[in-house]
Each structure stands twice: as structure tokens, then as C-alpha cells.
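S.K.: Top line first, the protein sequences correspond to chains A and B.
At position 259 of the first sequence the residue is numbered 259 (our numbering), and the sequence of numbers has no breaks.
At position 174 of the second sequence the residue is numbered 174 (our numbering), and the sequence of numbers has no breaks.
Incorrect hints may have been included.
To be verified - Sample of chain A residues facing chain B (criterion: CB under 10 Å; computed from the structure):
| id | residue |
| --- | --- |
| 1 | Gln125 |
| 2 | Gly141 |
| 3 | Phe166 |
Stated by the list, open to error - Negatives, chain A to chain B, calculated, CB over 12 Å:
| id | residue |
| --- | --- |
| 4 | Ile22 |
| 5 | Thr168 |
| 6 | Ala252 |
No wet-lab data here; the hints were simulated from the structure.
Everything numeric in this text was worked out from a predicted model, so none of it was measured.
Every residue gets a Cβ at the ideal spot worked out from N, C-alpha and C, and that includes glycine.
2 protein chains.
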Amino acid sequence: MRSDEPTRLANIITSLFRDQSITTEQVVVDETSTVDLVAGADAQDDCAVFRMNGDQELVVGSDYVRGPKFRLCEMGYLSEYDLGHYLVAANVSDIAAMGAHPIGLLSVVRYPPDMTDDSFENLMQGIKDACAKFRCPNIGGDIGSAERLILSASALGTCRRGGALFRTGAKPGDLVCITSPTGLAGAAMEYLRAQRPCAIIDELHLETMLDSWRRPVARVDEGIALSACRRVTACQDTSDGLKATIECIASASGAGIAVFEDSVPVPEPAAAVARHLDLDPLGLVFGDSVDFELTFTAPSDAVDQLRNEIGLHVIGEVTDDTDVVLCRSDGGRTPLPGKAWKHTVDEAGG
Amino acid sequence: MRSDEPTRLANIITSLFRDQSITTEQVVVDETSTVDLVAGADAQDDCAVFRMNGDQELVVGSDYVRGPKFRLCEMGYLSEYDLGHYLVAANVSDIAAMGAHPIGLLSVVRYPPDMTDDSFENLMQGIKDACAKFRCPNIGGDIGSAERLILSASALGTCRRGGALFRTGAKPGDLVCITSPTGLAGAAMEYLRAQRPCAIIDELHLETMLDSWRRPVARVDEGIALSACRRVTACQDTSDGLKATIECIASASGAGIAVFEDSVPVPEPAAAVARHLDLDPLGLVFGDSVDFELTFTAPSDAVDQLRNEIGLHVIGEVTDDTDVVLCRSDGGRTPLPGKAWKHTVDEAGG
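For reference, chain A alone in the conformation it holds in the complex (with noise of 0.2 Å):
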């Protein structure tokens, strides 16, 4: 792990790394291949190094995070260890959403002059502690300064040959499934955004709302099972909303879906979210929410098999057509709800 900065590097970083390369577990790719770290942020070389035995699928992706520019972080919603945990999140999810094993995270971190070291400490911690619920270890990247805190990461993982998801695959007749409700990070922004306090929301779901910024999860051991399976024709991750994920994997995979709108879970604070503002509250599930949920696509047969291992919400199916419809309740058909995230870039999260 380079840095520029010999003291933080010392008293901080070392003691948080050591014998990481000697105590990090094997990854068990399948019977005939695996994935040991041989030399990680503790080797402090030009280069974390793997051992790679047998065959194997590699997966890599990188994640810059707006970090001290989220506006929950600008309004003094998230401390610098929410930022830390985020960045993996941010990053592990991308693994997740191929299927694949995490096997370590580059984190990029630079931080400003004025940046005190217990604030630098407690990014650091949540890197370190975020790397830990999700299995990736943080085997190095690079430290130094910059005029403010910028941070990026790099997430590398691993499954069987054959076993990455992609977008690409969606069938007609499968059926499209998330892991989990969707919109509580957009949530909780356009209701701290509007400044608007509600006793009743405070005090029954702003810590909902605020954990899916502060303890976002990735979704680490689904992408594994989606992966194992077999089954799983197309996934992505929910990181630029739903209605953006759900278009994504109709046009990848050439084909299109039916969203129906009875099946699409609402998670109470949203609900009451959407209540207090007077907005669509699907609006708030399908737009501009970076939740870090897996939209996935399979033979129904598959999905009920899945249904025993992970939680899964089935919203809609593909269509042999290349229409993203949302069925009303009562009948009509209309787009899906929901701002983009790509068009808001600078009002959004990620």
C-alpha cells in the first residue's frame, strides 16, 4: 500500500494490516480452484499478489464514491466511518452482482491537509470493518493527500468458470426478482432534502432510512447462491435505482419487461416518506435511490429453488417484446416510475 504520508502510514495503517497476508482465509472457488493472498496491504509492495490455482472466473470493477459530497454528508448525516463503509459497499456490490466471491478491495484514499488522524483513523476503520462483514479484505491501494478527502476503491472476486451473471441474458417467461425492497437510500434523501421534519418519521424510520447510506449491504452471499444456481439468466445491482436497473437488463438481454405494480414491495418508510411529501411513493422505489439490492432474472422452476436460500421479491417477468412497462393495479400500462439516476447526476448519491 503507497503512501505519501510516512507518519499515518505507520501509527495508523500498519496496525490496522498486520499479518493480514499470513491470517486472511483461502477462497474456495469449487472443488478444483482457489484463491490465497499472498502478499496483501501488509507486504506494503508496488502490488498486492494472489495465488490462483485451478480455473477459474477473475471479476473486477471500480466504484468512485462522491464521499464527502454525498448531500446526506454535506448536511452532517454521515461521519467519516459511514463514508469508509460506504466505499466497500459501494464496491463489494459490484462483485456481488456478477455472482462472484470477494477475494480484496483496493481502496484509494486522499485526504486533505486539515484532516485530523482520529477523523483519518475512523475512515479507515470503516474500510476495515466493512471489508470484514463482506469477506474482502483490504489488501492495499493508495494513501496520500489531495486538497480535499477523495475516495475510490477497486473490488476484485471469483466464481467458477461459467458462474459470472450478466445483463445479458434474460429470457422470456423468466421471471424478474430483488433481493430486497428497494428505495429507502432515495428516502431518506428527499426527506431530509425537504427539510420538512415529521415527528412520526423521525422517530419510527430515519434510522431505517439513514442505515442504507451509513450500513449499506452488499449483497455478497445472494450474488454466491444467484451464481451457484445455475439458473440465473441476468443480474445487476440496484446502485443507479431500480427503474434504471430494470431498463438495463431489458436492453442487454434484448427483450422486455413487465413490471407489475401489486407485486413491487414498498418499504414502510418510503411509504411514509412519500405520505409526508405528497410524492408517488413507487416514485421514490423505482427512481434515483442508490440501494444496493440484486435485480435478477430466471426460469420460475428456479426461483422457487432460490426462494429456500435467499430473499427474493418477484416484481415482474420479461416479455417477448422490448417494452419496460409498469401493469397498474388497475389495468393500464405505463412507463415505470421514478426520476433516472443517470440524469441527476448532480442532485444524486453515488
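Based on these hints, arrange chain B on the given structure of chain A.
M.R.: Positioned in the frame of chain A, the structure of chain B alone reads:
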């Protein structure tokens, strides 16, 4: 490759990376180990996917580069294309220093709202061209907006089992070598920051010095040769400056290093700048010059063999104490000259 910006993705990036997954050549690590790119940037999925076959060592690292905050960029000497090239060279150099074959690069490019499409395209072209030069396809990353241009990347490489080169194995009696003279990047900084133009330097040396920033070379072939030799005991790139690199290898290996003043090559541009500005030329060669040469240690007969394969300069030897010294031509022994990179974060480059 994720993007917050559909137009730029569609118009610029898609055309840059078309058919990458099909056209990228297999990396042959050894008789039994290969790497194939299954899904690259063109797949536009959550992650890129490689198929790994057989036993091998995966090498991964991340480097953030100051890019627009480089002093030479602020002074107008570096274009967006140059910054893209630099980002790739800095990251691939870490792979080269481990002795690995590059297999892919994840780039994080966050651009300011006022960046023109031409500038953005030039930047991406610089990334693409450097990736081609170093045989390291740009397989994805994260593209989106930020308040200023932010550049970071992660590079991946592979080598045979046991083939990775670390900093830790230097043995007393080994020779200390560099692949090419260092100091050009630092000399360019000193000369241009001094703002004391010299017609001879401008005519004879400025382009050469600027090329160390505009077209730095990651020593990929050299790193592969060093690993293949099987007798190189330690290796590191000089991106923190030669002094810091030598001190790091000595410290990591628990050994001393004696550098012989008469053996250290001083590139003519650095000598000219030193004369012009009345500086110690060895201070430029050893100091905070962000070059991407490889510094390595090996027994002398292995060095003789390597001379037939790569360019190298023997500059010293590993000793059985723990001192790092410069053996002056007058017989004196002094610490290595030059400012160490780590203590000049806000002044220097990478």
C-alpha cells in the same frame, strides 16, 4: 464501465472500446496458465471478467494521480491526452515492478461540468493509446462527473506461480541495478519551476525532459524478463524517486546498500539543468523525480545474463549491514543525496 453520463458513454467511450472482449489477445503466462478477457469495457456490465486457467499469481495495485494538480499541468505543459497516458503508465509500472504480464486496467475518470467533449475524448484516447502501448487493455472503471478532473486507476497483471518480485529479498553481495537513468522528471520540474529559461536547454533537452511526464514508459518487458530470470531477489519502481526506492528495498530486505557515485548515470538534461541552476546533479538523480524505472537486485552472474536481454546499469551492491550509503569518488561515504519524495507531497508529482 459505469457512467453517469449517457451521451459521452454512447458517443465516445463505446466507439473506443468496441469489440474489446473479442479482440483482446490471450495472455500466456506459462505452458499451463493463461488469461482470457471474457467481458471488457465493451460489455458495460457491473464488472469486467477474466477467465484464469491453471496456476498463476495475480498482481493488483492502484494509483491515484494528481493529474490536473501536477505543477507542470497547471503551468500548461501537459494536455488531457498526456494525463491519460500518465495515469496508465503509473499504474502499469506497479505491475511491471512485480515482474507480471499486464492483463487489464480499470480507470476512474471523473470530469468537471465544463470539460469539453474534445478534452474528454483526448483524455480517453491517451488512456487507450497508453494501454495499447503497454499491452494492458482498459477493461472498465468508473466514469462520471465531479467538481474537477479526478484520475485514478487499478492495474492487474499475472505471472507464473512464484514469479512475483517483491522488495524483500535483497541479499548481501547482490548487485543493485536500474533499467535506465533516473532524474529526468525531477529535472523538468526544477527547470520549469525556476522560470529561468536557458536557450540551450530549451533547444536540446526540454522535449526529452517533458517526455518523462508526457510519455513515461512502464518497464513491462523488463519486469517480465526480471521475473523470467528467476534469480532477481528484489524489485521496485522508482516512482517515489531513486533514493526512496533504494532505502525501501534495503529496509524491506533487512540489508544495507552501497551505491557507487561513479556508476550512477546522470542523464545529460539533468546535468545541464544542474549546471544552469547550480544544483547537485546527483540530487536530481536520487531525489523526488517521479520516474518509472525499475530498481532491482540480483547476483552478479544473473546480472550478466540479464544484460543480454534488457538495458541496465549496475549502480551499487547489497551489503551485510543496514546502512544505505553513497560511496563518493573521493572515497567518502555519505547518505544518498536528494529530497525524499515522501516529505514533499505538495510540491511533487505523482
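S.K.: What are the numbers of the hints the structure violates, in ascending order?
M.R.: 1, 5 and 6
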